[in-house]
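Peer 1: Just need the whole structure built from these sequences, with the hints factored in.
When we follow the working numbering, the leftmost residue of the sequence shown carries the number 137, and every step to the right adds one.
Since the hints were made in silico from the structure, they are not lab data. Treat the hints with caution; some may be incorrect.
[Unchecked claim] Beta-carbon label-pair distances, calculated as ranges:
| hint | residue 1 | residue 2 | range |
| --- | --- | --- | --- |
| 1 | N495 | K398 | 53 to 63 Å |
| 2 | K398 | E302 | 22 to 32 Å |
| 3 | S528 | F208 | 53 to 63 Å |
| 4 | E229 | Q344 | 32 to 42 Å |
| 5 | K293 | G323 | 34 to 44 Å |
Built from N, CA and C at the ideal position, the CB exists for glycine as well.
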Amino acid sequence: MALDGKMKTKKLPLVSIVTVNYNGKRFLKDCFVSLSGLRYPKNRMEIIMVDNCSSDGSVAYVRKYFPRVKVFKNNVNNYCMANNLGIAKSKGEYIAILNNDTRVDKNWLCELVDVIRTDDKIGAVCSKILFPNGKLQGTGHYEFPDFYWSDRGFKEKDRGQYNEIEEVKSLSHCSVLYRKECLESIGFLDEDFNMFMEDVDMSIRARQRGWRMVYAPGSLVYHKFHGSVNDIGFVSFYCERNRLLLVAKHYPQKLAPALFGKGYFTALRNRNELFKILPAVFTKLFKHHDKAVIFSVLPGIFEELDKILNKEKNYLVEQLDSLKNINSELYEKTIPQKDQLLQQSGAEIAQLKDAVNNNLALISQKDQLLQQSGAEIAQLKDAVNNNLALISQKDQLLQQSGAEVVNLNAHINRILDSETYRYIAHPVWKILDLFKRKKTRRQILIIKPYYAKIESAEKAVRYFREKDPDAKIIVIANLHFESEYARIIDNKEADEKILYTSNIKKLTALGIMKLVFRLMQKKLDEAVVIIERPVYSGYRKAKLLALFSGAKKVKQYFVDTGNALPLGPHFSLKNTAHAVYSYIFLNLILVWFLAFIVIPIKIKKLFQR
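Peer 2: So this is what it looks like as structure tokens:
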């Protein structure tokens, strides 16, 4: 069914998938990779792993390779308790319990959700569980006499005999989806069971509360079967023990005849563990029933225990008699054999003496080898001492080299602090740097003349920012008031702001020179002058500043009644001629200053030395 039909017409519920891990790192990859490939929407499910005191690095592995999985740690090794922790942390409307040694089909969850949503009285649904080779492992549980339970279809070939949706008595916790409302009404897993048959207990409780337990054959899961717990003795012990806990909890009147069962805990099966588990059984009986029920079943329990003890006694007597007969026969047969064994022992003792003598000779040889090894060790010690002396010499050489490096650094600092470097070499290098064009972003200079409005500057910044979002925009503002500078600073569209004067009459030739050098260092791509109508004083100097800025292109940005239109890069012939004249005059002043002031002073100082 997948995600078609009903699944599309209704809002998909949030599903929490809980899996418990104990030293199952080798299985987790297959499990979580298959869960990530589900056709169920990822934003409508959460995956929770509860670590059950593992020691194989499972937690670190899952956090590294499956970060979407929520990981919690259980402080004791109890499967039921770990599942309860995961359920308590779940946020889903439906909660799936899945073994960590499984691999799910891509439609596994969709099929479970489809079936459980068909009837509000369905408390839980389980999957068709297969072995990795495709044979059936389980399709729900069968009940057998003496309260033994088994998987339906176990080890049968899947020929479609279990392909109908049907109600069953019990569901396997290998792969099951619970309605959260069902769990809240019947309670979580019984932690007294630890593991095994806790799913039968849950199914009994759910059916007692009127919930239906349903098998969904379209939901497929492949299980390694006792992959995480492969100790057969451990599994058998807990299955037999939990069978008695189940009877004590739900059917106390039938506890006495159920004690013997298959005789697993009796001496007849080479075990004497019945009295070891009785405290747990009685505790379960006292926990779930009142005194009247307990007193009514105790006589029958003691009577059954007496029968079991008599069976064990008769069995042990028979075993003892059989052993006595066997021992007497062996004793009669072994007397003539003892003489032969003594003779053979004498020969073996003689051989052992020869072997001891040979060993003493070998020990003597080993003593000689040890002496030789002592001499070699002494030689090695001398070699080590020589190496230590060489290392000491190298340390001294390194210290001398360090002192030479310090002297060289001091010499370089003296050169950098000298007047020749500061007043001749360094300025020349700065001038040469002006002609380098190494940058990655276009740089645009926007010049606001003295009488232009601050709003016009802001419009220009926004226009060029929209035109080229990656450009670096620099604003030069010749302002009426100092307070307007803060407004430009607050404009986040501009990358850099320069305030060069608050009074246009104070913009002297020296001030222009300083500003021009500062702008030439920025290697501008465009210089833009803001033009308004009417044109007041201040525009001429702003245009000259744009020409002398070293920009590749010079443009105007015209603002008239709120409408901004960029104009071409040409000024009037008069302004251009004036700009060229000023540029030549500026360079002549600079050359004169270097040739007749800075260089003669430096030459004079050099001769004085």
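Peer 1: When the structure is checked against the list of hints, which entries are broken? Sort them ascending.
Peer 2: Failing hint: just 4.
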